[in-house]
Amino acid sequence: MAYLISEEAKDLLEAVRDFCENEVKEQSKEYDKTGEWPKEIYDKAIDMQLQMLEIPEEYGGFGLSRVDVAALFEEMAKADAGFATTISASGLGTKPVLIAGSEDLKKRACDIIVDGGFGAFCLTEPGAGSDAGAGKTTAVKDGDEYVLNGRKCFITNGGVADFYCVTAMTDKSKGVKGMSMFFIEKDTPGLSVGKEEDKMGIRTSNTCDVVLEDVRIPASNLIGEEGQGFSIAMQTLDQARTWMGCIATGIAQRAMEEAIAYGKERVQFGKPILKNQALQFKIADMAIKIETARQMVAHSLTRMDEGLPFSKESAIAKCYASDIAMDVASEAIQMFGGYGYSREYPVEKLLRDAKIFQIFEGTNEVQRIVVANNTIGRF
Amino acid sequence: MDILLCLKQVPDDSVEIYLKPGTEEVDLDNVTNVVNAFDTYALEMATRFKEAVGGEITAVSVGPEEARNAIKNSLAVGADKGYLISDPAFENADTLGRSEIIAAAIKQLEDERGKPFDVIFCGREATDRATGQFGPQLAETLGTGIICDLVDIEQTDEGIRGKQETEEGYHLVESVTPCVVTVNKPPYDPRYPTIKSKMAARKMKIPVLSAAELEGAEAGEPNVEIIKVYEPAKREAGIKIQEETVEDSAVKAVEMMAEAKVL
Numbered sequence: 009m010a011y012l013i014s015e016e017a018k019d020l021l022e023a024v025r026d027f028c029e030n031e032v033k034e035q036s037k038e039y040d041k042t043g044e045w046p047k048e049i050y051d052k053a054i055d056m057q058l059q060m061l062e063i064p065e066e067y068g069g070f071g072l073s074r075v076d077v078a079a080l081f082e083e084m085a086k087a088d089a090g091f092a093t094t095i096s097a098s099g100l101g102t103k104p105v106l107i108a109g110s111e112d113l114k115k116r117a118c119d120i121i122v123d124g125g126f127g128a129f130c131l132t133e134p135g136a137g138s139d140a141g142a143g144k145t146t147a148v149k150d151g152d153e154y155v156l157n158g159r160k161c162f163i164t165n166g167g168v169a170d171f172y173c174v175t176a177m178t179d180k181s182k183g184v185k186g187m188s189m190f191f192i193e194k195d196t197p198g199l200s201v202g203k204e205e206d207k208m209g210i211r212t213s214n215t216c217d218v219v220l221e222d223v224r225i226p227a228s229n230l231i232g233e234e235g236q237g238f239s240i241a242m243q244t245l246d247q248a249r250t251w252m253g254c255i256a257t258g259i260a261q262r263a264m265e266e267a268i269a270y271g272k273e274r275v276q277f278g279k280p281i282l283k284n285q286a287l288q289f290k291i292a293d294m295a296i297k298i299e300t301a302r303q304m305v306a307h308s309l310t311r312m313d314e315g316l317p318f319s320k321e322s323a324i325a326k327c328y329a330s331d332i333a334m335d336v337a338s339e340a341i342q343m344f345g346g347y348g349y350s351r352e353y354p355v356e357k358l359l360r361d362a363k364i365f366q367i368f369e370g371t372n373e374v375q376r377i378v379v380a381n382n383t384i385g386r387f
Numbered sequence: 020m021d022i023l024l025c026l027k028q029v030p031d032d033s034v035e036i037y038l039k040p041g042t043e044e045v046d047l048d049n050v051t052n053v054v055n056a057f058d059t060y061a062l063e064m065a066t067r068f069k070e071a072v073g074g075e076i077t078a079v080s081v082g083p084e085e086a087r088n089a090i091k092n093s094l095a096v097g098a099d100k101g102y103l104i105s106d107p108a109f110e111n112a113d114t115l116g117r118s119e120i121i122a123a124a125i126k127q128l129e130d131e132r133g134k135p136f137d138v139i140f141c142g143r144e145a146t147d148r149a150t151g152q153f154g155p156q157l158a159e160t161l162g163t164g165i166i167c168d169l170v171d172i173e174q175t176d177e178g179i180r181g182k183q184e185t186e187e188g189y190h191l192v193e194s195v196t197p198c199v200v201t202v203n204k205p206p207y208d209p210r211y212p213t214i215k216s217k218m219a220a221r222k223m224k225i226p227v228l229s230a231a232e233l234e235g236a237e238a239g240e241p242n243v244e245i246i247k248v249y250e251p252a253k254r255e256a257g258i259k260i261q262e263e264t265v266e267d268s269a270v271k272a273v274e275m276m277a278e279a280k281v282l
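Quick mapping for you: the protein sequence lines, in order, are chains A and B. Take the first sequence: its letter number 277 is residue 285 in the numbering used here, and every next letter is one higher. Take the second sequence: its letter number 200 is residue 219 in the numbering used here, and every next letter is one higher.
Chain B with its partners taken away, still in its complex shape:
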């Protein structure tokens, strides 16, 4: 299986963030960037898939020079090749713009290789904006099928079979390849790089693909207009109902809800 893996660097989501006072700008000055958690799951699943069926993984990321780290980390745990897609023209790209840029890069790499990628892995969403749109938009742009929210994947005679997590349980979905898959949290954790693989990854070349090299990757202005950026309202303190008995508390709660016209 020839796998392409899409990675995105996002601000560390374990850190609480605020707006800069008096602005609509999120203060990310002291927040380090990390690889999107769902992309790390995608990397681990893709690596296990490769180990099971053979093939190679090519990792790509759209972003500034710093996004090279995301690719380097993927090379240390399972990816075989990496490309940084970087150009000042891509800076304002939104989700749709990024999917078009990556689609253009995929076509470019496929032309160079002379064969298509079989499966394109991405995380189900990025933890910064959490739109969950990138995978579907990429599949649409490439004109392939898509299976979302995978927690497991296996090879079939004609392509792949994915275990898709839903709110009710699981679907088993089959697709021919090429196909895009988005990955949810699987029942295992991403592996750590070994010291040796980390050192080897450092020495690997990560070529840059710029706008000039990618036909169709225009993505200058965002397609989505952000009207307002604001912090979530602070939750107001609740009311504690503590009558003598549980029954009395329940009656009181219902009375209060009726009074507030909630019921």
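Here chain A stands alone, though its shape is the one from the complex:
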């Protein structure tokens, strides 16, 4: 079972699989140890145009359905979740512009990605995580410009992005309704990259503070209107979450495949350990969870393609896929026994990679709030 995809996407899947097998999977092991951002892998991925998968056709993209793209992202995630996260984070960074930006901004953002650049989405601040409305970054209008000050943290692609979509308060007195969203290109004076996180997992992705000190940008870089920033950010996350579910599903799939391969090879008590029904049941449980997660991702993406509401489905997909990615990776380690705990074998990395998917782009607690609100309704 897998995503039901077009014949065209099947062709692409073969090419992406080939690329990931030869250029990402093994290479990422070393980068996982060093924490270095593997520019040469990303250069090759850009040569292949993998960064353009989420760009709409009218701005130079390929016009594939979202489920087609998901199958390709899962393949990337199977090779290395940090790699898939980096590519996907450019999609996240582009979404605010695509949701509410002017035609000019849409073209600029998409052109940057098409030309091989990276995007980043900057919402989180040291004091504003799940409570995103508590952000302290400010934007003050000065003639035809805005002047931004503040510090964003945990920004995926923060140190490598060519543009940033940044939330800032234009009117603190209005709370979240006083938040606005801005498009800032790298090399804008006053914008700098702060501390780089030394992370537990997805170590081939770059996560940094982004510092704004009197950053002056043209007023036309405001995305949407003043006061719409929080709404744009939430719409952005609504969409992006499903993609995180997709990558988490890829981690789980990899973990299961590793567990099956090892279970067939490892002999104890005179037979491969996978001959034991207890372990076959573990694999069955993994398959049940993975397939359920994958189909939830597909369902949410299909609703997006169809223009139907998808907030609840997206939250379920992200929450469920990341929860089961942790379960499956943990069970895969269990099947490997002592070897699973060793860095020499591939499964401990999967558990470290999976954990962040329960946290970023809205913690799974926040996802449950979204699901509950959408299920229970107002009363």
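Since the hints were made in silico from the structure, they are not lab data. Note that this is a predicted model, so its numbers are computed, not measured. Yeah, the Cβ is synthetic: ideal placement off N, Cα and C, and Gly gets one too. Any given hint could turn out to be false.
Unchecked claim - Cβ pair distances, simulated, as ranges: (1) B/P251 with A/K41: 34 to 40 angstroms; (2) B/G151 with A/K33: 39 to 45 angstroms; (3) B/T185 with A/A269: 39 to 45 angstroms; (4) B/M276 with A/S338: 53 to 59 angstroms; (5) A/G68 with B/E84: 32 to 38 angstroms; (6) B/S229 with A/S14: 28 to 34 angstroms; (7) A/E15 with B/E244: 38 to 44 angstroms; (8) B/T175 with A/K115: 42 to 48 angstroms; (9) B/G151 with A/E15: 35 to 41 angstroms.
Fit chain B to the given chain A structure using the hints.
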């Protein structure tokens, strides 16, 4: 330069294969087909050559409908046109048969174009049977020169100059065109298709050339008779010589070899 590129689909050689129990038939049921690795090097070299000097690449492959994938992949990375040479009559063709079929196809395409191909690229060998005979047989059938085992190629006033890899080093060999070249592993890797080129290649038409359209492509029965197909004998466990010192081990090894009448 007008380039013709010969491609062959082969069973994935990264997979270990066995005979079906009790038969002389290789079990390829679960082995996917891939483009012969040396042909992918030929494609990359031909593409770089085309990018350097201009011209176009026409890719051909003899095989069943599935071989269309090999051509499609080449269209996604550098080839401009592709033809599938397919006919049930070609199924049993061996290396010589295939070279005659492709030679007939080349003549047919040259007639249609009204001009010859300048350089005909193929891999140095296919990874399935590894005979290395296809290129030389094709050159012989076409009556052209051949340079084997190229790792680099450039244009000269009269034709091409190829860097040929040998066991001792390299030869620089020049030839007039038309000429056949076979390609060894060059010092670079084949490129990946871009998403866009892969999607564009899907939409390109790949005409089929059948036996009826190819004069001289008979190749019904193989010219080579296979007498026996068998798995390589399993290597026997060796003897470990681990005396106290290296010198003692060497003496012991020589003694044992003398005893076995190897020396």
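Hint by hint, here is what the structure shows:
no.: 1; hint: B/P251 with A/K41: 34 to 40 angstroms; result: holds (39 angstroms)
no.: 2; hint: B/G151 with A/K33: 39 to 45 angstroms; result: violated (32 angstroms)
no.: 3; hint: B/T185 with A/A269: 39 to 45 angstroms; result: holds (41 angstroms)
no.: 4; hint: B/M276 with A/S338: 53 to 59 angstroms; result: holds (55 angstroms)
no.: 5; hint: A/G68 with B/E84: 32 to 38 angstroms; result: holds (34 angstroms)
no.: 6; hint: B/S229 with A/S14: 28 to 34 angstroms; result: holds (30 angstroms)
no.: 7; hint: A/E15 with B/E244: 38 to 44 angstroms; result: holds (41 angstroms)
no.: 8; hint: B/T175 with A/K115: 42 to 48 angstroms; result: holds (47 angstroms)
no.: 9; hint: B/G151 with A/E15: 35 to 41 angstroms; result: holds (36 angstroms)
Checked against the numbered hints listed earlier, the structure breaks hint 2 alone; every other hint is satisfied.
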